[in-house]
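Going line by line, the protein sequences match chains W and V. Here the first sequence stands for residues 615 to 993, where the numbers follow our numbering. Here the second sequence stands for residues 2 to 280, where the numbers follow our numbering.
In case anyone wonders, no lab produced these hints; they're calculated from the structure. Note that the structure is a prediction, hence the values are computed from the model and not measured. Errors might be hidden in some of the hints.
Think about it this way: if two alpha-carbon atoms lie no more than 20 Å apart in a straight line, the pair counts; the simulated SDA-like pairs of lysine to any residue are [unchecked claim]:
hint : chain 1 : residue 1 : chain 2 : residue 2
1    : V       : K188      : W       : K877
2    : V       : K188      : W       : H688
3    : W       : K877      : W       : D835
4    : V       : K173      : W       : F702
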Amino acid sequence: MSKIIELKGVSKSYDGEQVLHDVNLYIRDKEFITLLGPSGCGKTTTLRLIGGFEMPDEGEIFFEGNPVTNLPPHKRPVNTVFQKYALFPHLNVYDNIAFALKLRKVPQDIIDEQVRDMLALVSLRGFGSKNVNTLSGGQQQRVAIARALINRPRVLLLDEPLGALDLKLRKDMQNELKNIQQQTGITFVYVTHDQEEALSMSDTIVVMENGHIQQIGTPTDIYNEPENAFVADFIGESNIIDGVMRQDYKVFFDGREFDCLDKGFGKNEPVDVVIRPEDVDVVSPEKGMLRGVATSVTFKGVHWEIIVDINNFKWMIQTTDYVAPGAEIGLFIEPDAIHIMKKSEFSGMYGDYSSFSDELDELSDPDLDAGEEERDDQE
Amino acid sequence: MTKNKSPLLRSIAAAPHLLWCVLFILAPMAFVAYYAFTDKDGAFTLDNINSVFSSAYLKILERSVLFALAATVICLLIAYPLAMAITKMKSRNQSTAIMLLMLPMWINLLIRTYSLKLLLESNGIINSLITRLGGEPIRFLDSEFSIILGMVYNFLPYMVLPIYSVLVKIDKRLIEAAQDLGCNSLKVLWKVTLPLSISGVISGITMVFVPSISTFFISKSLSDGRIKLIGDIIEYQIGMHNVAAYNIGAALSFVLMALIVVSLIITNKFGDEDGGVLV
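In isolation and in its complexed conformation, chain W is listed as follows (with noise of 0.2 Å):
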């Protein structure tokens, strides 16, 4: 597959603050791409760079080869769905979707025709002359798609699109955007701060921190290969402990050497080891790797959740077999849970969870959401 976008060198400040650094990114024809990080890591930047809102300070934005750093947005071949869906609130379900065709002066019955292919691809058939006003949520989202795409755009970019949807109808939604990007063969350009909804949709995953580009890679590359503890941390839950590598395929971490599949390092490099807690397998005390002492034990419904202290470092490991908490376990890690990762600036921030806590979880992530938009919004 060409190369639609490309991004060389871009990087962006606001008020003195650097949002993004020498970002160099490029975008395959068709493909699905999600922009993924925590609020402020300059993803929703990148997408306003790439719609023709934002004019980077430097770099330069390709499309197709050709360099589009300077055009304002209507010159530019792609179209925005936007977070919160910015429906015409003085135009009606018809007229907001029909919006670029007349700007166009496309002839009537042509308008019409398109406009009903477009209700129909979003399930939206006799809809069109509702006030946009009082549809749901997942309605405005659908008309919100349905404006972007009539003009048959070379690049659909979509913010946080499902962000606002409740949890059922996000799911619903996303199957229902990996259908029509499918049908249409328009580019996707995807930003979100979920990552499930990241690794279920995309074909290629960019995780994003701090105004640089951590990883990219295909959901299952960034999730089996990670490539710093900050990437490990966000995508899925990690086990991230400090290591050092002895020689190729050879690991040495709490008091042990353990067999690995990675090599490549130098003698005795320190690394950080990632541990996936669904790869580690419960067996007795006697047989394990590594013994220690389930501090808690949470049902989840498909597996247990416990919280294992080994030599004062917490594990979570998930597993199919119930362990009383306070009990004494083992460990078995096999050579292919075992994932290296070279030392970072994210190293010993993440992968500990001896403050680990459900509900805290949850919490912070609306948190974040509500923060990041109040930043958008200033721009």
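Starting from the known structure of chain W, fit chain V onto it as the hints suggest.
For chain V alone, coordinates are given in the frame of chain W:
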């Protein structure tokens, strides 16, 4: 209205306001109507109303409408771009700009008009500046220009504020969405900003047109009483302390009131389709 509050409590709470309305709005209007339709002995008559439609009064009425319309249009043409420019400023500067705009409104209209007169007089500040620069003094006062200028000067804030308050609330994403869908700046204004701010424009028009059409002080002071508007005539008639003139004044007021009500209805019809509200 909430149904669960006790009706008695509600009427007690509303009583002062109701009393105020009856005493200071309904009663005076009833008096105006009474005097308009009676003669000096208090008998019912249509003579007063008929005399309003005599050619002399009609001419003045027409002039008043034209002046008020001119002032309203000029205010709108100045206020809309001004309000837009203010919304584009940083939020701290916005409040400063609005403050500066409101500042003259803290000063009494009479004093403001006198100051304008001082500026425009044949030996006023502007003309002395012109003569000092070697030019001929310009006669500003006693003209249609000076009266309309007076109206625009006095009522401009009433046009800017409602437009600004609507414009500032327009979601910036709507503007971006319009650009995204192919609008250049002019099209954004025409297709999105203007339709979304129509309610502010309607309020502004009302708040400038109504005081402009009924003013008497501005015309009297800026034309030395030479150009008369309907407000001047009403003031003159009522001020004569003569019962017959009182009835004519009331009839003029009544017709003016009807005229204002009709124009408000027409203006609001315009705004209605886009959900405009009259403030």
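Structure-based check of all given hints:
1. V:K188 / W:K877: Outside the cut-off at roughly 60 Å; violated.
2. V:K188 / W:H688: holds (11 Å)
3. W:K877 / W:D835: Satisfied, since the Cα-Cα distance of roughly 17 Å is no more than 20 Å.
4. V:K173 / W:F702: Roughly 11 Å between the alpha carbons, so the hint for K173 of chain V and F702 of chain W holds.
Comparing the model with each numbered hint stated earlier shows that hint 1 is the single one that does not hold.
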